[in-house]
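Please construct the entire structure, taking both the sequences and the accompanying hints into account.
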Amino acid sequence: MQASTGTVDAAEVAKFEAMAAEWWDPTGKFKPLHMMNPVRLDYITRQIAGEFDRDLTGPAPFAGLRILDIGCGGGLLSEPMARLGATVVGADAAPRNIPVARIHAEKSGLTIDYRHTTAEAMAAAGEQFDVVLNMEVVEHVSDPLAYLTACRQLLRPGGLHLCSTINRNAKSYLMAIIGAEHVMRWLPKGTHDWTKFITPEELFDLMSRAGLDPVDRKGYVFNPVSWSWSISDRDLSVNYVTASIQRG
Amino acid sequence: MDNPASRRIFAVMTHHTDILIVGGGLNGAALALALSQTGLTSVLLDAAPRVAMTTPGFDGRSYALALSSVRLLRNLGLWSRLARDAQPIREIRVSDGRAGEGPLSPFFLQFDSAAIDESAADGAMGQMVEDRHLRAALMEAVAADPRINARFDAVVAAQSGDAHSAQVTLTDGHVITARLLVGADGRRSGTADRAGIKRTGWDYGQTAMVCAIGHDRAHNGIAHQFFMPPGPLAILPLTGNRSSIVWSETHANAAAFNALPEDAYLAMLRPRFGDFLGEIRLAGARYTYPLTLTLANSFVAARLALVGDAAHGIHPIAGQGLNAGLRDVAALADVLEQARARGEDIGAADVLARYQQWRRFETTALAVTTDLTNRLFSNDNPLLRAVRDIGMGVVNATGPLKRALQREAAGVRGDLPRLMRG
Ligand SMILES: Cc1cc2nc3c(=O)[nH]c(=O)nc-3n(C[C@H](O)[C@H](O)[C@H](O)COP(=O)(O)OP(=O)(O)OC[C@H]3O[C@@H](n4cnc5c(N)ncnc54)[C@H](O)[C@@H]3O)c2cc1C
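Protein sequence lines, in the order shown, are assigned to chains G and W. Going by the working numbering, the residue at position 194 of the first sequence is 194; the numbering climbs one at a time, nothing skipped. Going by the working numbering, the residue at position 164 of the second sequence is 164; the numbering climbs one at a time, nothing skipped.
Keep in mind the hints are simulated off the structure, nothing from the lab. These figures come from a predicted structure and were not determined experimentally. Ideal Cβ positions, reconstructed from N, Cα and C, are used throughout, including at glycine. Hints may be right or wrong, so weigh each one.
With a cut-off of at most 30 Å between alpha-carbon atoms, the simulated DSS-like pairs for lysine-lysine come out as follows [said to hold, decoys possible]:
hint, chain 1, residue 1, chain 2, residue 2
1, G, LYS29, W, LYS198
2, G, LYS171, G, LYS15
3, G, LYS171, G, LYS107
4, G, LYS31, W, LYS198
For each label pair, taking beta carbons as the anchor points, the in silico distance ranges come out as [to be verified]:
hint, chain 1, residue 1, chain 2, residue 2, range
5, G, ILE231, W, ARG74, 44 to 54 Å
6, W, GLY201, G, ALA93, 34 to 44 Å
7, G, ASP25, W, PHE361, 35 to 45 Å
8, W, ALA143, G, ALA121, 31 to 41 Å
9, G, ARG185, W, ALA83, 40 to 50 Å
10, W, ASN297, G, ARG209, 29 to 39 Å
11, W, ARG418, G, SER232, 17 to 27 Å
12, W, PRO290, G, ARG234, 49 to 59 Å
13, W, ALA143, G, LEU174, 37 to 47 Å
14, G, VAL215, W, PRO146, 34 to 44 Å
The following residues of chain W were derived to be distant from chain G, with all beta-carbon distances above 10 Å [to be verified]:
hint, residue
15, LEU82
16, SER160
17, VAL175
18, GLY201
19, PRO229
20, TYR265
21, ALA285
22, THR292
23, ASP345
24, ALA349
25, ALA353
26, THR369
27, LEU372
28, ARG421
Shown next as structure tokens:
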């Protein structure tokens, strides 16, 4: 993988630009992610603001915070964090996402450090963050405990870990696999392996063992009437998100 | 960004701002102020010179403001200034009339503040505010706001919007880039045109004559809407023994009447106006407004949102045009404030889609309602006349329907933006 967009040729850049446009098209291939993004951002921004005592109505509320976005993709979460003033590192294990995200950030006038790497590699290198965003990744990894341990190592003592994933039950099977992959075709078939889904109790247990103290959990609920997502205190039956603190 | 600094930047030809608002009318100015409250900076452009816009005789209209609009003005810090010159509306009476007969057939529809659950503390259903006061208050607040850079005599030569920003070039060569461009440039919105947004609409064949009238008797805060075959006549209470009339006639009649000397004009008006307020006289200059319906087929495009008459220019029959525009303003400010707090790109397509979803259905429904009302009433067909007599009687007799209409007129229905909540 090339180190920066500066070293790739024009045809490559054009291809990446097209891919970036695709990532950022709210009605395109990543529509389900765009539909969910406002509630994801509501949760993330409020948790960070609460934990670090920041005022979201002021300018650059996240200034001085170092945030890692694991599985950054095209930068759908990294860009908002940078816009709020944070210093952002976006990491993705898929090499082609990196130049795509870089091109888009540059055009948006944002400075974001996108890297083709993994949480484990960054932890081994001793990187430290105030916040780790761990969104819809844990259900794709082979060893969740080892992965969450790496996330913990990436945090400064008292740092905030925000982790979302999909519950494992009959409803999540219907919604996430039959519904999202087969009926709606929101996601490519085979995106998810239902046996890797994790219940909130299992996730809390894994996080505790990894040295992360769980402090909050909420559900993301899709309303087919308003055709939009909202945050629920009680319904964690399919998509849910958690907050935990590095034990120090 | 403060004003002196941004002025300096203007000298170097290219200027960047969060939001560029084209059109510094009532809605454009209100939007700039609402955005400033949320911390967003804007450049506000108008093609007209500042002196013209701040001269008291610039626009002779008076507006029937719904309670939600009054709340917006209060939340923008303008109401304390306006309250002194505002006339509370305590009752609205709607009736059928025919020129020469006088409008005083029995009232078919009668609304009063007791029937709105959410009436203002003083029991008003709404407030009448004169343009000369409202515009002056908005212009002053805009000039004093460090987050707003107002530019008059500024004519747009070219405009473009892509995935990342909007860009406008003025005829004097200045270039302004913004994350979002807002078209608040009225019924013939050039901003919408340049973005390729098509419009639906037609000429009503009517012109509204507007004028302040002095009268001998007190109006008691009662607003009247008389339906006459050539077009409706509204008599709206102003402070003191004055009322503002919105008198709609065919284009030809309006041109002829408006050209008449004062006495002859009043002689034409008297039989229509009736004598319930005693002797009448002119209390201000006369103005005319040709009436059209113009609805933008989309309220948004790449890096662009339309507000106010640029999105929906409707018939003034129910006095709802500005109220609807101010709702756009408050809704757009809400959507952008939320997007900004989330770190979203405020000009992104999905953010703008939220604004359009919030406003488009409601304003289209309003345009259709005012259009149908005008069609139903602006004629002398005896059959339709019977239908409307029955119709209004039915509405009057039916509590819930009347109440719904009333709450709609007061602007307290539906999903209210933050700035319009009490
Ligand atoms: C007779 C009459 C009575 C009414 N009574 C009521 C009422 O009682 N209650 C109510 O709620 N509403 C009422 N309305 C409706 C109300 O007047 C309008 O809805 C409102 O004034 C629209 O404001 P606006 O700012 O959207 O547009 P406008 O007032 O049309 O302002 C547009 C601005 O854009 C500027 N502009 C235009 N083109 C350009 C350009 N290319 N570049 C830069 N600037 C440009 C213009 O100079 C102008 O300042 C009435 C309307 C009429 C005709």
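Hints and how they fare:
Among the hinted pairs, LYS29 of chain G with LYS198 of chain W is consistent with the structure: their alpha-carbon atoms are about 28 Å apart, no more than 30 Å. Annotation: proposed proximity of LYS171 of chain G to LYS15 of chain G is violated, straight-line Cα distance about 39 Å (limit 30 Å). Taking the CA atoms of LYS171 of chain G and LYS107 of chain G, the gap is near 41 Å; set against the 30 Å cutoff, the hint is violated. Note on LYS31 of chain G and LYS198 of chain W: the hinted pairing holds, with a Cα-Cα distance of about 27 Å set against a maximum of 30 Å.
In this structure, ILE231 of chain G and ARG74 of chain W break the distance hint of 44 to 54 Å, their C-beta atoms being roughly 31 Å apart. In this structure, GLY201 of chain W and ALA93 of chain G break the distance hint of 34 to 44 Å, their C-beta atoms being roughly 54 Å apart. Remark: the range hint 35 to 45 Å for ASP25 of chain G to PHE361 of chain W is contradicted by a beta-carbon distance near 24 Å. Roughly 56 Å separates the CB atoms of ALA143 of chain W and ALA121 of chain G, a value that falls outside the hinted 31 to 41 Å.
The supplied range of 40 to 50 Å is broken by ARG185 of chain G and ALA83 of chain W, whose beta-carbon atoms lie about 57 Å from each other. Checked against the hint of 29 to 39 Å, the C-beta distance between ASN297 of chain W and ARG209 of chain G comes to roughly 57 Å, which is inconsistent with it. The hinted range of 17 to 27 Å is satisfied by ARG418 of chain W and SER232 of chain G, whose Cβ atoms lie roughly 23 Å apart. Remark: the range hint 49 to 59 Å for PRO290 of chain W to ARG234 of chain G is upheld by a beta-carbon distance near 57 Å.
Taking the beta carbon of each, ALA143 of chain W and LEU174 of chain G are about 59 Å apart, not inside 37 to 47 Å as hinted. With their beta carbons about 40 Å apart, VAL215 of chain G and PRO146 of chain W fall inside the hinted range of 34 to 44 Å. Under the 10 Å C-beta cut-off, the non-interface status given to LEU82 of chain W relative to chain G holds; the minimum distance is some 27 Å. With 10 Å as the threshold on Cβ separation, the claim that SER160 of chain W sits away from chain G holds: the shortest Cβ distance comes to roughly 15 Å.
For VAL175 of chain W, the shortest C-beta to C-beta distance to chain G comes to about 16 Å, beyond the 10 Å cut-off, and the non-interface label holds. The Cβ of GLY201 of chain W lies farther than 10 Å from every Cβ of chain G, with a closest approach of about 28 Å, so its non-interface assignment holds. A cut-off of 10 Å between C-beta atoms confirms that PRO229 of chain W is not in contact with chain G; the least separation is 45 Å. With a least beta-carbon separation of about 53 Å from chain G, TYR265 of chain W lies farther than 10 Å from that chain, consistent with its non-interface assignment.
Non-interface call for ALA285 of chain W relative to chain G: holds, since the shortest CB-CB distance, roughly 44 Å, exceeds 10 Å. Every CB of chain G is more than 10 Å from the CB of THR292 of chain W (nearest about 33 Å), matching its label as outside the interface. Interface exclusion of ASP345 of chain W from chain G breaks down, the closest Cβ pair being 7 Å apart, not more than 10 Å. Against chain G, the non-interface label of ALA349 of chain W is violated: not every CB pair exceeds 10 Å, the least being about 5 Å.
Remark: the non-interface label on ALA353 of chain W conflicts with the geometry, its nearest Cβ contact in chain G lying 7 Å away (cut-off 10 Å). The Cβ of THR369 of chain W sits about 25 Å from the closest Cβ of chain G, beyond the 10 Å cut-off, so the non-interface label holds. Listed as outside the interface, LEU372 of chain W is consistent with that label: its C-beta sits roughly 29 Å from the nearest C-beta of chain G, beyond the 10 Å cut-off. No beta-carbon of chain G is positioned within 10 Å of the beta-carbon of ARG421 of chain W; the least distance is around 17 Å.
The structure fails to meet hints 2, 3, 5, 6, 7, 8, 9, 10, 13, 23, 24 and 25 from the earlier list, while all remaining hints are met.
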